[in-house]
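Number of protein chains: 2
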Amino acid sequence: MSIDLTRRVLSSQIDPEKMHDTEVVVAGWVEDVRVVGKILFAILRDREGRIQITVKKNESPKIYETLKSIHRESVIGVLGKVVKSDIARMGFEIVPKECVVYSYAHAPLPIGIIDKVHVELDTRLRHRVLDIRKDNVRAIFKIKATLVEGFRQSLRKRGFTEVHTSKIIAEGTEGGANLFEVKYFERVAYLAQSPQFYKQMMVGAGFERVYEVGMVYRAEPHNTTRHLNEYLSLDLEMGFINDEYDVMRLENEILIEMIDLINDENKRELKTLGVELPEVPERIPVIHFVEAMEILGYNEGEKLDLDPEDEKRLTEWSKEEHDSEFLFVDGYPLEKRPPYTMPDFERPGYSRGFDLLFRGMEVTTGGQRIHQYDLLVESYRRRGYDPRKFEFYFEVFKYGMPPHGGLAIGAERLLMKLLNLNNIREAMIFPRDRERLVP
Amino acid sequence: MSIDLTRRVLSSQIDPEKMHDTEVVVAGWVEDVRVVGKILFAILRDREGRIQITVKKNESPKIYETLKSIHRESVIGVLGKVVKSDIARMGFEIVPKECVVYSYAHAPLPIGIIDKVHVELDTRLRHRVLDIRKDNVRAIFKIKATLVEGFRQSLRKRGFTEVHTSKIIAEGTEGGANLFEVKYFERVAYLAQSPQFYKQMMVGAGFERVYEVGMVYRAEPHNTTRHLNEYLSLDLEMGFINDEYDVMRLENEILIEMIDLINDENKRELKTLGVELPEVPERIPVIHFVEAMEILGYNEGEKLDLDPEDEKRLTEWSKEEHDSEFLFVDGYPLEKRPPYTMPDFERPGYSRGFDLLFRGMEVTTGGQRIHQYDLLVESYRRRGYDPRKFEFYFEVFKYGMPPHGGLAIGAERLLMKLLNLNNIREAMIFPRDRERLVP
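As given, the protein sequences belong to chains A and B, one line each in that order.
Mapping to our numbering: the first sequence position 257 is 257, numbers consecutive.
Mapping to our numbering: the second sequence position 87 is 87, numbers consecutive.
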């Protein structure tokens, strides 16, 4: 006995008004089975929702026995009739004619799918596949997919080209710290911490505007709720800008579009999570680092960077003062930014580098970059780097590089804050940290 | 003096009929400068095309001197007037009022951009940024971006969810051969050869249909024109299939759509390359491995796999017999396919695994996978693997896995064959091979 699965309809495609009494194929996971006297109710879960299968023992004794005996999460296919029902939660039930069990689940499940028992994140991550079967976990990754798609759509329509650059590199962009080593045949190579050099090079290669979505790697040894050793970076770089304000304006626009797309495509998921996405203002406020210091009550020069507590206070300030949960901080001190960051020649010691803070966390780092060859080489030299190691990167600056800038959004950080997740690991299907390499 | 680059228009946006005598900002690379008496013609290249800047010495002596003195590939911005012209190749020229040099190119260029001198691939790859400035090289990557976008668009509209799975893994999908080692804190990890396990797990996690676009790694030590050590894999996996024919049908459909999208979005690039994309038939022919052996004149059992010469002869046959440059070969011998491949129970010794051949090369590997826990564990054991190492992967099969299958398209292989490139490295911005780690 077999069922033609190409005929399968999803739970969301069944309209009890129009399809009453017609024959359909449905399939999915048996989430729960209840037996009430001689009637059995099986809840079938597919990627869109749930379907109730109702079996009367005297009408279909074999199917009744099958469904009574299998464990939760077994996978079945059912050929049956749609029957309108005022009692069934979906407004209909399926009365089966045939039923095939594709996969017999073992019991007990290591973690329950429908039980409301609290499970530690560590256990959830160990059994991630089962964890994701829960609507409220799967919803996170449906929204993540839309977030990434929104990033790409917004850039595509602005003339950006998607690039795919190598993740195995000979030198780190930040020069050696926190790099994972790869044994590359006879040599030592590293996993890329960012596509920074390559995306700038692609601007100079004539694409002018490029983006890349890909994994990047940071061998940071500490375990925190906001760090991952492997994360998805949404990178863009654009040529022919006046300054970093053009980059911030672009990010402002694409954030609006990304959130619009999620609101549009993930209504069900947002409802499942009970989340309402924040409003992105038409103009996200921008403050200079010096202004940030004032707001935080520090003296100028007292601090050269913001710590998590500062970031938290600044977005609280921004929410209060500007009704914006997003805040750009521009003009970070030069020495705390990478050597390719454009100095602000009108404010010595400061750069044209910015961060976007959102709900107390840095979710983007960006800025205008140096495009002048001599200035760039000198900047690397002054920081103590050996310029010969970066010749492959400097070459483009020697042979014509437009003024340019760009940014990188940490996809998981943005998602984490958008959905109010407590731990960044919840925003990664298979997070990697110092302890976690499996699954 | 500065020019507002936010006012910039691209070469393709200038309509000489409508914009004659209006002031515009243009910017780009100075591809060439010719001086004819007291008139200077500079060809400015931007991401869309070319613009002629015409400067009369007596009208703009400073701009004349500037453009006369700078080297090719310097980057400039120009504020000037559009002047209709019957002589200029673009139908117009720009008469500048202001000119800013953003980047002074050094001379000579390591490789020319407009010279027709033949340059070896090795040299081109060493100076990849300059190489990509050539229209016919940049065109390859514009088309690659569309190819990838087409893959995603086609799957998105069929209910597939994009996933991003870890590339740092504890165990290889093929069990240890050709893996790059990563020093992962105190442990040894590997770079993923494919998202195979993870995409199957995501089908079982309830997404049912997933795709992933990402780099994968093969530590194959040999240098050939068809192998890369890092390449872009277009992966998909779908649940609730009848058999591998559903997967082949899907690939057939999405290939048609991917090629349609390129024809639609990359007319200019196809023209630059002088390439006409092949027709994908409504039904790509499918032959069984046994049939392939007959066509090639081998006895049954004489060979268990196809070599490059076989693949070439088969697509020649397909072109001749079916007028199709694409050919599915299904039912490969089981022992040559990975242990997760579904056996064909009606043809002992053969599998439900297929390849897609195109113009003499395998561009896709796919198939139906085993979804039954016992069968899968047994398959791994029989092949000599230690099942305990794969427990993180087997778990989903223990707790409900639908019948499923999928495939992986090698993006560079497909692109190489579509565009008739001689070496797969031409389809990668920064190819990685045994010798090449920079740029």
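Since the hints were derived computationally from the structure, they do not count as laboratory data.
Please note that the accuracy of each hint is not assured.
[Claimed, not checked] Quick partial rundown of chain B residues pointing at chain A, CB under 7 Å, derived from the structure:
#, residue
1, Val75
2, Lys267
3, Pro343
[What the hints assert, rightly or not] Straight-line Cα separation of at most 27 Å, DSSO-like style, residue types lysine-lysine; simulated pairs:
#, chain 1, residue 1, chain 2, residue 2
4, B, Lys389, A, Lys157
5, A, Lys183, B, Lys57
6, B, Lys157, A, Lys267
7, B, Lys157, B, Lys183
8, B, Lys18, A, Lys134
9, B, Lys183, A, Lys389
For every residue, glycine included, the Cβ atom is placed at its ideal position computed from N, Cα and C.
Non-conforming hints, listed in increasing numerical order: As far as the earlier hints go, 2, 3, 4, 5, 7, 8 are violated by this structure, in ascending order.
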